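So for the sequence shown, the numbering used here puts the first residue at 1284; every next one is plus one.
Any given hint could be a false lead.
Claimed, not checked - With a Cα cut of at most 30 Å, we get these calculated DSSO-like pairs of lysine-lysine:
#1 K1563 to K1574
#2 K1777 to K1819
#3 K1653 to K1702
#4 K1548 to K1840
#5 K1716 to K1563
#6 K1546 to K1776
#7 K1861 to K1686
#8 K1553 to K1777
#9 K1686 to K1553
#10 K1777 to K1853
#11 K1702 to K1678
#12 K1660 to K1686
#13 K1794 to K1840
#14 K1687 to K1553
#15 K1776 to K1702
#16 K1574 to K1526
#17 K1520 to K1546
#18 K1548 to K1563
#19 K1804 to K1794
#20 K1853 to K1781
#21 K1776 to K1553
#22 K1716 to K1781
#23 K1802 to K1776
#24 K1794 to K1781
#25 K1699 to K1662
#26 K1546 to K1584
#27 K1861 to K1682
#28 K1716 to K1840
No lab work stands behind these hints, which were simulated from the structure alone.
All values derive from a computational prediction rather than experimental measurement.
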Amino acid sequence: MPKPGFYAVRCGRKPGVYMTWSECEAQVKGFPNASYKKFPDQSSAENFAGVSSINQDTVQNARNRSENQMQRLITSNAAVRNYDPIPSTSLSIEEAFENTPDLIFNFSDKPQKPYYAVHRGARPGVYRTWTECEAQIKNTRNASYRKFDNEEQALEYKLKRNNSDDETEYVLRNPNETVVIFTDGASAENGRKRARAGIGIYWGHNHPLNTSKRLTGRQTNNRAEIQAAVYALNQAKQIGARKVKLYTDSQFLIHAITDWIRKWKTNGWKLVNGDPVVNKDDFLELEAVSKGLDVEWVYVKAHARNHGNDEADRLAVAGARLLMEPSNCSTFPKPQIEPNNVEPFILTDASSSNDDILPLIIPEGEIEKKTFYAVHKGKCPGVYKTWTECEKQIKDFVKPWFKKFSSEDEALEFVKNGKVSKKIIVPDHGPDKFVTVFTDGASSCNGQEEAKAGIGVYWGPGNELNTSMRLPGRQTNNRAEIYAAVHALRQAKKLGIKNLRLYTDSQFVIKGITIWIDKWKENNWTSASGKPVINKEDFMALDNARQDINVDWRYVKGHSNNPGNVEADKLAVDGCSKSVSDSFILT
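Whole structure, please, built from the sequences with the hints as guidance.
What follows is the structure in structure tokens.
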């Protein structure tokens, strides 16, 4: 535990004496030429920080460091802090270094560049050169700007002015009129570590609400597009608007907020491949701020000489070059977001069409997945975060018992019991709600002796019921399609599901079970041509499995990028290479 002391900040964001390192660090971290030191007593700390007066011995000792460099340093510091350096030759060089505080000195002759804060101008923000600042205020009526010595004061000026006069004085005369806003996001070197993203909001020529800001958080183009819309809608609410027509060149944004977000919620905020939705928090914020507003989302093609989009783009690009504001200095408060507890099942309305299925989306980047290694039997049973730690506990141990988990709770249960009991809870679904499942069959070398068939059943992202299995008996594609549906229906019956919407890409299965089966029964299981129905036993098993379940049979075109069908197909193809399971009962 560190010894108690007093942290003195002589040169930082807020010079003074602090009781904890975290408070001190906040004042000096990232601050140019910060000067600070820890002292055992308050008096020394105050002297160092200049609260009372600067310690003259410190100055005398510092002068002995270098006859040339230190002379310039002390002279410049004396001018700034209003003290006179006292020459001294009583200390040796070694003593001077030993007694000099741990300061971060800048021996450069170059003065620190100021910060120019523009509150009202073409592109409000903080700039590092007068040329950049001048470009924002030139030809702007009632331009508001100021020069500061440090970044924090410049940002504080801009934020205070935003919260005080400019935005509160602009109020919509008619709240029922539709306001038109153009938004855009930009990210220089998108996808790289050094990416810089900005947002742009354009209300009109020289409009006081026109905004150019640096994006906080992850610097990606998609986040910039979303947060630009968030900021614009916050502005609309602040001026009393009720109807908004928002133009954006991001189809990703429009599709997500108007369609996909509902399905993401249903699927536990996961994509069809099981990965989390990367921009979940951003879309939740956008959805929350949209409440209470009648928003019309309009797509506009980028770089197509649309004046509003071009202006929003320029503001976004300029915002990417600005300094990033502190996360605790947001102009608008974060909206209240209701938590969602969603099971990994897909629920659809009774009136849903085949097109109302979650689309495939490529995530912006890989999401780091947590891994827990549980050791039930080993040298030291427990949960470990890395394979290296786990391996030490099982190496050279007779019959070790261990397993990898993505959930710490499951890992702890495995350590205690040697197994994990998973209870599948089906979400409530009334007469107007259907639990949805996708089934598919596959057969490699179909029609040949060496054919291998598999079935795939997909209930939703990460669902424990998802099945990939080798088909017993004759290895044909049609049989695999039928028994994939049989397996799904048996699973549904065990879980007590009453309404099931079953998607399959086999019209043979749908027509067979909904139309042909009654005729086959009447004709003693012979086809219209008088030949025996080849898949008699298979359809009898399917007919038996559907009893007591309200099944809505839906056809989905195969290999058409339907996410559920794609996942079911993967499971079926994988099943072809597996061994035959004895647990699958055909009748």
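A quick look at each hint next to the structure:
1. K1563 to K1574: Distance ~17 Å between K1563 and K1574 Cα, so the pair holds.
2. K1777 to K1819: 25 Å, holds
3. K1653 to K1702: Holds, because 20 Å separates the two Cα atoms, which is no more than 30 Å.
4. K1548 to K1840: At roughly 25 Å apart (the allowed maximum being 30 Å), K1840 and K1548 satisfy the hint.
5. K1716 to K1563: 25 Å, holds
6. K1546 to K1776: 25 Å, holds
7. K1861 to K1686: OK: K1861 and K1686 at ~22 Å, within 30 Å.
8. K1553 to K1777: Roughly 26 Å between the alpha carbons, so the hint for K1553 and K1777 holds.
9. K1686 to K1553: Judged against 30 Å, a Cα distance of about 24 Å means the pair holds.
10. K1777 to K1853: 24 Å, holds
11. K1702 to K1678: 21 Å, holds
12. K1660 to K1686: 10 Å, holds
13. K1794 to K1840: 15 Å, holds
14. K1687 to K1553: 21 Å, holds
15. K1776 to K1702: Satisfied, since the Cα-Cα distance of roughly 26 Å is no more than 30 Å.
16. K1574 to K1526: Given pair K1574, K1526 holds - Cα atoms ~11 Å apart, limit 30 Å.
17. K1520 to K1546: 27 Å, holds
18. K1548 to K1563: 10 Å, holds
19. K1804 to K1794: 14 Å, holds
20. K1853 to K1781: Distance of about 27 Å is within 30 Å: holds.
21. K1776 to K1553: Roughly 26 Å separates the two Cα atoms, so the pair holds.
22. K1716 to K1781: 10 Å, holds
23. K1802 to K1776: 26 Å, holds
24. K1794 to K1781: 22 Å, holds
25. K1699 to K1662: Holds. K1699 to K1662 sits at ~15 Å (cutoff 30 Å).
26. K1546 to K1584: Measuring from Cα to Cα gives roughly 26 Å; hence the hint holds.
27. K1861 to K1682: Given pair K1861, K1682 holds - Cα atoms ~26 Å apart, limit 30 Å.
28. K1716 to K1840: Holds, at about 23 Å.
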